[in-house]
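Engineer: Next come the chains, spelled out residue by residue.
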Amino acid sequence: MSERAKEILVVGLILILSIIVYLGKVGGWIGALAFSPAVSIVVIILIFLALVWMLVRTLRGQLLDRRIVFLFVALAVVLPFFMSITQEIKISPEVQQLYDALESLPPGSKVLVSFDYDPPSAPELQPMAESFLRYCLLNDLKVIIMGLWPQGPQQADLALQAALADPRVQQKNLEYGVDYVNLGFQAGNEFVIQRMGANIESMFPRDYTGSAYRDLPLVRNVKNFSNIDYAFNLSAGYPGTQEWVQVAVDRYGLWMGAGNTAVQAPMMYAYVNAGQLEGLLGGMNGAAEFELLTGLPGKGTKYMLSQSFAHMVVIAFVIIGNAAFLTSGRKKQPLGQGK
Amino acid sequence: MEHIAVWVAAFLTLGIVSFLYKDNPWYKLSESIFVGISAGYWFVVLFWDNVHGKFWTGVFPPEEYDAAGNVITKDPDWMLWIGALLGILMLARLVPKFGWISRWPLAFIVGSTAGLYLINYFSSNMMRQVQGTIMPLFGMWQTDPATGEVMFQAFSTYDVVGNLVILIGTFTGLVYFFFSKEHRGVFGATAKVGIFFLMITFGASFGYTVMSRMSLLIGRVDFLFGTWLGLIK
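Protein chains in written order, with the numbering used here: chain F, 296 to 634; chain P, 34 to 266.
Just so you know, not all the hints are guaranteed correct.
Examples of chain P residues toward chain F, derived with CB under 10 Å [claimed, not checked]: (1) M34; (2) H36; (3) W40; (4) Y74; (5) E96; (6) E97; (7) S156; (8) G165; (9) G240; (10) T242; (11) G252; (12) L257.
Mimicking DSS-like on lysine-lysine, the simulated pairs with C-alpha atoms at most 30 Å apart in a straight line are [what the hints assert, rightly or not]: (13) P:K107 <-> F:K518; (14) P:K61 <-> F:K518; (15) F:K518 <-> F:K467; (16) F:K301 <-> P:K55; (17) F:K597 <-> F:K385; (18) F:K320 <-> F:K597; (19) F:K405 <-> F:K301; (20) F:K301 <-> F:K320; (21) F:K597 <-> F:K467; (22) P:K225 <-> P:K214; (23) F:K405 <-> F:K320; (24) F:K320 <-> P:K87; (25) F:K405 <-> P:K55; (26) F:K597 <-> P:K266; (27) P:K87 <-> P:K107; (28) P:K266 <-> F:K467; (29) F:K385 <-> P:K266; (30) F:K301 <-> P:K61.
No lab work stands behind these hints: they were computed from the structure.
Glycine included, every Cβ here is placed at the ideal spot set by N, Cα and C.
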C-alpha cells in the first residue's frame with residue numbers, strides 16, 4: 296500500500312469515528328468521558344516514562360521525528376480534559392489587586408469594560424470576560440461595554456450571555472440599558488479614547504442595538520471618564536491596554552485594571568508597578584486566579600490543568616533538545632569558519 | 034444549520050492542524066478559505082466603519098428624530114474632506130507616473146503620528162516608569178493617623194528583595210546599553226550582570242508566549258472534543 300493510500304485510510308477512519316461519536320452525542324448514547332483519579336495517575340506516569348525513554352534514546356544518539364513532539368504536546372493538552380484531578384492555583388499580587396479594587400466599589404458603581412480582542416484570542420480572554428462580567432452583575436455593579444476592535448462587542452455579547460445564564464444572575468432580573476449596556480464598536484483606535492475623555496456620547500451616539508445614547512438610563516448621565524468609577528480593558532494587541540494607559544489613565548486619571556493575553560502581559564507589569572494599572576490578569580493563568588478569588592469557577596480553571604501539562608511537556612522537550620544538541624558532537628566554530 | 038456550522042469549523046480546524054504532519058491539499062484549502070474570508074471581512078468592516086460610517090455620514094448627515102418626532106439637523110463636517118483627499122492621493126501609487134503624490138499623505142501620517150506618540154510615550158512609558166523605579170528600598174517613614182507619631186515602616190523581606198532586584202536590574206541593564214565606554218573590568222562585569230537580567234526577561238517573555246500559544250491550542254481542543262464531539266463535560 297502506498298503512503299498516500301495509508302494517509303487517505305487514516306483520514307477516512309478518523310472521519311468515520313467522528314461521525315459515530317457525533318451521532319452518539321446527538322442521539323444521547325455517548326456522553327462525556329472522565330478518567331478516574333487512578334487512571335489519570337496511570338496516564339501521567341505513562342507519559343512521564345515515554346518522555347524518559349525518549350531522553351535515553353536521544354542520549355544514545357537516536358534523534359526524534361519532530362512529529363513526535365507535536366503528538367506529545369497534543370496528548371498533554373487533550374488528556375487533562377478527561378482527568379479527575381485538580382490543580383492548586385496560587386493567587387498573584389496583581390490579580391489580588393484587581394479583585395481588591397472591585398471589592399472596594401459600592402453597589403451601583405459604573406464599570407466601563409472595553410473588549411479589544413477578536414475570536415483568535417478568545418481562548419485566553421473570554422474566560423476572563425465571562426468571570427469579570429459575572430462578578431460585576433452579581434455584585435450590582437453597572438456595566439458599560441464598548442470595543443475598539445470590530446469583533447469586540449460580539450465577544451462581549453457572548454460573554455454577557457454566559458454571565459446572564461448563571462441562575463444567581465437571573466434571580467436579579469437585570470435589565471438591558473439599566474444594569475448593563477453594550478455601546479458597540481467605534482473605529483479610531485486611541486483617538487476614540489481621547490474623545491471619550493471629553494464626551495463619550497460623541498463616540499457612541501447609538502449603542503450596539505441601535506438605541507440612542509441619551510435614551511439609555513444607565514449612560515444618560517455619563518458624560519466622560521469622570522463619571523466612570525472603574526474601567527477594565529481586555530486586550531490582545533493594538534489598540535489595547537497600552538493606549539488606554541497612555542490616554543485614559545495618564546491624561547484623564549481613569550482608575551483602571553486590565554486583562555491581557557500572555558504575550559502582552561510581561562509588558563504590562565511595568566504599568567502595574569508604576570501604579571498606572573490597578574491590577575492585571577495575565578493570560579489563562581490570570582483568568583483562573585480571578586475565578587478562584589471570586590468563587591466563580593469557569594473555563595480558566597477548567598483549562599489550567601491542560602496548560603500546566605503542556606508546559607511540563609514543553610520543558611521536557613527543551614531538555615531532550617539540549618541533550619540532542621550536546622550529544623550530536625557539534626563544536627563551537629570560531630566566527631567565519633563555520634560550514 | 035448549527036450542525037453544519039460545527040462540522041465546517043471542525044473540518045477547517047483539523048485541516049490547519051494537519052500541516053503539522055506535512056503540507057497537504059486539505060491544509061492549503063483551509064488556509065485559502067481563511068485568508069479569503071479574512072480579506073473580505075476586513076474590507077467590508079473598514080468600508081462600512083470608516084468610508085461610510087465616518088466620512089459619508091459625517092459629510093452628508095442622515096436625518097435623525099428626537100423622542101417627539103422632530104427632525105434633528107446636523108451640520109456637515111467639511112474637515113472630513115481633507116482626510117478623504119489624503120486617502121485618494123494615497124491611491125496615486127497605483128499609477129506609476131503619479132506615484133510620488135502618495136508620499137504626501139504618507140508624510141502627513143508619519144509626521145502627525147510621531148508627534149502624537151512622542152507625548153504619549155514620553156509621559157506614560159518614560160517619565161512614569163522612571164518615577165516608578167525611584168522608590169524606597171527597605172521601608173518608609175509614615176505618620177500614624179491615630180497618634181500623629183512618625184515611625185519607620187519596614188517592608189517585608191519579599192518586597193525588599195524585589196526592590197533590590199529592580200534596582201540592580203535597572204542599573205546593570207542601563208550599563209549594558211552604554212556603549213561609549215569599552216565593556217572591560219568592573220564596567221564589563223556590571224554589563225554582564227545586565228545581560229543576565231535581560232536574558233531572564235526575554236526568557237520570561239518567551240514563557241508567556243508559549244503559554245499564550247498553548248491557550249489557543251487548548252481553545253481549539255475544547256471545541257473539537259467538547260462542542261463538536263461532546264466528549265468533554
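Engineer: Give a verdict on every hint.
Structural biologist: Now for the hints, and whether the structure bears them out:
1. Residue-level restraint check for P:M34 is violated (minimum Cβ-Cβ distance to chain F is 14 Å; threshold 10 Å).
2. Nearest Cβ of chain F to the Cβ of P:H36: about 8 Å, under the 10 Å cut. The hint holds.
3. With its C-beta approaching chain F no nearer than about 8 Å, P:W40 sits inside the 10 Å limit, and its interface hint holds.
4. With its C-beta approaching chain F no nearer than about 9 Å, P:Y74 sits inside the 10 Å limit, and its interface hint holds.
5. Taking 10 Å as the C-beta contact cut-off toward chain F, the hint placing P:E96 at the interface is violated, the least distance being around 14 Å.
6. About 8 Å separates the beta-carbon of P:E97 from the nearest beta-carbon of chain F, less than 10 Å, and the hint is met.
7. Using the Cβ-Cβ criterion of 10 Å, the hint placing P:S156 at the interface with chain F is satisfied: the shortest such distance is roughly 6 Å.
8. Checking P:G165 against chain F: minimum C-beta separation of about 3 Å stays under 10 Å; hint holds.
9. Interface restraint check: P:G240 against chain F, minimum CB-CB distance 8 Å, threshold 10 Å, status holds.
10. Satisfaction of the interface hint for P:T242 is found here, the shortest Cβ-Cβ separation to chain F being roughly 5 Å, below the 10 Å cut-off.
11. Because the closest C-beta pair between P:G252 and chain F is about 3 Å apart, less than 10 Å, the hint holds.
12. Hint status for P:L257 relative to chain F: holds, with the closest Cβ pair at about 9 Å, below 10 Å.
13. Among the hinted pairs, P:K107 with F:K518 is consistent with the structure: their alpha-carbon atoms are about 20 Å apart, no more than 30 Å.
14. Taking the CA atoms of P:K61 and F:K518, the gap is about 50 Å. The hint is violated against a cut of 30 Å.
15. Proposed proximity of F:K518 and F:K467 is supported: the alpha carbons are some 27 Å apart, at most 30 Å.
16. A hinted pair counts as satisfied when its Cα atoms are at most 30 Å apart, and F:K301 with P:K55 qualifies at roughly 14 Å.
17. Note on F:K597 and F:K385: the hinted pairing holds, with a Cα-Cα distance of about 15 Å set against a maximum of 30 Å.
18. Between F:K320 and F:K597, the direct Cα distance comes to roughly 21 Å. Compliance with the 30 Å bound is thereby established for this hinted pair.
19. Annotation: proposed proximity of F:K405 to F:K301 is violated, straight-line Cα distance about 60 Å (limit 30 Å).
20. The suggested pairing of F:K301 with F:K320 holds, with an alpha-carbon distance near 28 Å, which does not exceed 30 Å.
21. Note on F:K597 and F:K467: the hinted pairing holds, with a Cα-Cα distance of about 27 Å set against a maximum of 30 Å.
22. Using a Cα cut-off of 30 Å, the hinted pair P:K225 and P:K214 holds, with the two alpha carbons roughly 14 Å apart.
23. The suggested pairing of F:K405 with F:K320 is violated, with an alpha-carbon distance near 43 Å, which exceeds 30 Å.
24. Annotation: proposed proximity of F:K320 to P:K87 is violated, straight-line Cα distance about 47 Å (limit 30 Å).
25. Straight-line distance between C-alpha atoms of F:K405 and P:K55 comes to about 52 Å, which puts the hinted pair past the 30 Å bound.
26. Among the hinted pairs, F:K597 with P:K266 is consistent with the structure: their alpha-carbon atoms are about 10 Å apart, no more than 30 Å.
27. For the proposed pair P:K87 and P:K107, the alpha carbon gap of about 14 Å is at most 30 Å, so the pair holds.
28. Among the hinted pairs, P:K266 with F:K467 is consistent with the structure: their alpha-carbon atoms are about 27 Å apart, no more than 30 Å.
29. Straight-line distance between C-alpha atoms of F:K385 and P:K266 comes to about 24 Å, which keeps the hinted pair within the 30 Å bound.
30. For the given pair, F:K301 sits about 20 Å from P:K61 by alpha-carbon distance, which is consistent with the 30 Å threshold.
The structure fails to meet hints 1, 5, 14, 19, 23, 24, 25 from the earlier list, while all remaining hints are met.
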